[in-house]
Amino acid sequence: MSVVAVATASRRSRARTVTLVLFAAVLVMSALSLAVGAYSVSLPDLLATLVGQGDSKNEFIILRLRLPRLTMAVLVGLAFALAGALFQSLLGNPLASPDLIGITTGASASAVFAILVLGLSGFAVSGFAFAGALVVASTIYLLSWRSGIAGYRFVLVGVGIAFMVQSTLGYLLTRADVRDAQGALVWMVGSLSGTLWAEVAVAAISIGILIPVVVLLAPQLRMLQLGDDTARGLGVRVNVARVLLLGVAVALAACATAAVGPIAFVAFVAGPIARRLVPGISLVPSALIGVLLVVTADFASQHLLPGGTQVPVGIITGAIGAPYLLWLLATRRSRGEA
Amino acid sequence: MTESHTLTAAGLSLSYDGAPVIDDLDLVVPPGSISVIVGANACGKSTLLRGLARLMKPQGGSVQVDGRDIHSYPSKQLARLVGLLPQQPVAPAGITVADLVARGRYPHQGWFAGRSAADYAAVAHALEQTSTADLAGRAVEELSGGQRQRVWIAMALAQEPEILLLDEPTTFLDVTHQVEVLDLLMHLNRERGTTIVMVLHDLNLAARYADHLIVMAQGAIVASGSPAEVITAETVRTAFGMESLIIDDPVCGSPMVVPVGRFHHLG
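Here the protein sequences line up with chains C and B, keeping their order. For what it's worth, my numbering labels the leading residue of the first sequence as 1, then goes sequentially. For what it's worth, my numbering labels the leading residue of the second sequence as 1, then goes sequentially.
These are calculated hints, taken from the structure and not from any lab test.
Chain B stretches covered by chain C per the calculated footprint, using a threshold of three residues with CB under 8 Å from any CB of chain C:
hint: 1; region: 53 to 66
hint: 2; region: 69 to 78
hint: 3; region: 83 to 94
Values in this document were obtained by computation on a predicted structure and should not be read as measured data. The beta carbon of each residue, even a glycine, is placed where N, CA and C say it ideally should be.
In isolation and in its complexed conformation, chain B is listed as follows:
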C-alpha cells in the first residue's frame, strides 16, 4: 500500500453535449498527498474531477493512472486503484449502513464468490475509521447529513482505492461536520497514504487541508502548488474576480483569504 500510484492528465479536453468545458489541460497529482481543486462556480472543477474519475470520455488527450489510459483498464481493476465519491450520492431506499459500506467491496469480488474474510475485515475497518460502526444496523436515510457523509466515505474506504476522488464532500454540512469530514480524510491520507483529490468550495478550508492546491478558472488551471505559494491576492482576483486580503491562518499558519467586497475597504 505504500507504493504510490500516479494520476495524470495530458492534453485533456472535456465537453458536455459538444460544449467544451475543459480544453487541453495538463495535470500531475502528487502521489500520497492531498490535492484540492478550487475555483469559482462553473469553472470546470467538477468536470475535471469527473474526467479524472472516468465518468466522462475525453474529447481529446487522456487521463492516466501509472502511465496507462484509464479507459483502457478493465473497470474493476481501475476501481481497485481509483475510488470516487460523487457530490450527492443516492442511497437505495431502506439500505442499512453495513450493507451500503459492503457494496464498496464490489471491485474486489468475482462473479460467484460471496463475501470473503477480507471483505468483512475491510468493511469493519472502514466503519471503525469513520466512527460509524455503531450505526451499522441503521437505515442510511434515517441518519443526519454528517453521519451520512461519513457512511459514504466508509464505503469509499471499503473499496480500498489507492487514489480517492471526492466532489465537494462537505456540501450541505455545517461547519463542525465540514471540519470533521476533512479531518477524517486527512487522517486517511496520513495513516494509509491514500492519495486524495477533492473539489472544495471553501477557500480557507482548502488552503488549510491541501498539500497541493489547484486553482481553476474558465476550464484551465491558473495556479497550482502549495497553498502558501498559490494563494495570493492576485490569484484570488484572477480566479474569483474578487479583491481580498491574505493573512496567516492563526491556527495553522496556512494562508487565509479575507474577502473585501463592495461596501468595505482595506485599511
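Same shape as in the complex, but just chain C:
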C-alpha cells in the first residue's frame, strides 16, 4: 500500500508543481495584458481598478476594453486546448486535432458563408460557425467509421475534408466584394480585437457547461487509452464513451471558433506540450498551456511587433505552431512512430 501511495504521490506532486507554475505564468501574463498598452497602468492602480476602486479612466480602459478581451482569450485558450487534447487522446494520434482535420475550418467556412452570402452579422454568424463545425465533425466520423473508429483513418478523412472546406472558403472569398471579404477575413485567422462583454458571456456560458461534462467523462477517457479491447474488458462501453467524448471536444472547438474564429494550432500544440511536462494524459496542464498560449500570443500580437503593427492573434499562433508541426513530424518519423 505504501509503495503505491509513494509512487502515485511522486507523480502527483510533479503534476501539481507543473500546474502551479503554469497557473502563475497565466496570472503574470494576464496582469501584463491588462496593464500594458498605449496607456499603461501601474500594478497598484490595476489591482485597485479590478476591485472597483480605480478612477473612471482606468476603469474604462481596463474593465471595458482590456478585461473582456483577456477573459475571451482565457476562455478560448481553454476550449481549444481541451478540444485538441481530447481529440489526440481519443484517436491516439497527435495529428488528430480539430484545427488540422478541418473542424475549425468548417466553422470558418460556414461563418464566411453566413456573412458573404446571407449577409448576416453578430451572433447569427457565430451560430453558423458552430453548426459548420458540427457538420464537418459528423461527416468525418461517418466517413471513417468501419465497425469502430481508427485514429489514422479519421485523420486522413479529416485532412481530405479540410481541403474541400478550404476550397469552398476560397471560392466564397474570391466571389465577394472586397470590403465584405475584409470582414470575413477575421473568420479565417481568428482575432480577439474589439471583444465585447456580451460575446464573452455567450462563450463563458457555453464553455462553462461543457467543462463539467469533460470532468465527468475523464475516467472513461483514461480507460480508452488502454486500447479498445482492454477498456471493454474493464467494463467501458467503448463506442458510446468515444462518441460522447468526441462530441464534447467538437462542441468545445465549435464554441471557441464561433466566438473568435479559428485561432490556429492552439488545439494542436497544447496537449503534446503538456504531455512533455507531465507524462500521461494531462487535461488540466493542457488547458493551462492553451490559455497561456492565447494570452501570450494576443499580447505579442498587440505590443511586440516591430513598428507597432497589430495583427490578429491567429497569425501569431500560426507562426509558432507551424514550425512545431514540422518538428513533430520530423522527429516522430525518425523514431518510427508516425
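Starting from the structure of chain C, add chain B where the hints point.
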C-alpha cells in the same frame, strides 16, 4: 470468492466481416480450474476467446455467465465477473506501473467516488502477488517484456474478476518468463480460486498447466478434457496435421508432444 461462476457458450457462431470463423460451438468452462485452448494458427482459438470476453457480438447462439447472456449484463457488472488480458495490450505513454494497475479498479468505481481503501488494498495485493511492488513508480515502457506482462496481469488481478481470460499471455517471452507467468497464473488459480481460460501456443506448456484442455481445429472443438485424455497422437494429427510421439513429461507426468517432422523417423 469461493462461490463458483460458470462460463458457457451455446450454439456460438462468430464471424469477422461476414466471414464465419466459429460455427455453432458449445463449450462449458469448468469453474475454478485452468482451461487452456490450443490449436493450429487460424483455427479460431483467439476468436473464441474474444467471443467469450464479449469483444465480439455473436452471429448466433450466446455466451453466458451463470446462465445469463453476457451481452445483457451492465458492462461494469460483467467486468467484475470476467476479466480479460488481450494479446498485446498497449500502455499509454508515460504511465507508471501503479497507475496502470490501479486502472484495473475501474469496474469497482462509481461516477464520482475516488479511490477507496478497497481499491488501494486490491492494487497493493495485485502488485505483491505479481512481485511488481518495487516497480510501482517506474514507467511501464521502461520495463522488460517479462516485467511488463506481470504488470498487465497485476492489472487484471486488481480487477478481481472471478473468471480471467488471457490471449497468449506468454507470447514474445523467453522460456524462463513463460514459465514464470504460467506459475503465477497457476498460483492465482490455486490460491484465489479464479477460473482461468487462456489461449496458449506451446502444446507442452498447455498440457502441463491445464486442468482442462480444449483442442480446436477449423473453428470447432475437436477434443476436450484432461490433458492425459486429450493429448494423443491422433488428436495432434487432426488438429495440427503433424505426426508426433506422445511421452510422459519427466517433470510432472503430463503428456508431452514430441514432433516427428519430414527428415526424422520414429524409432
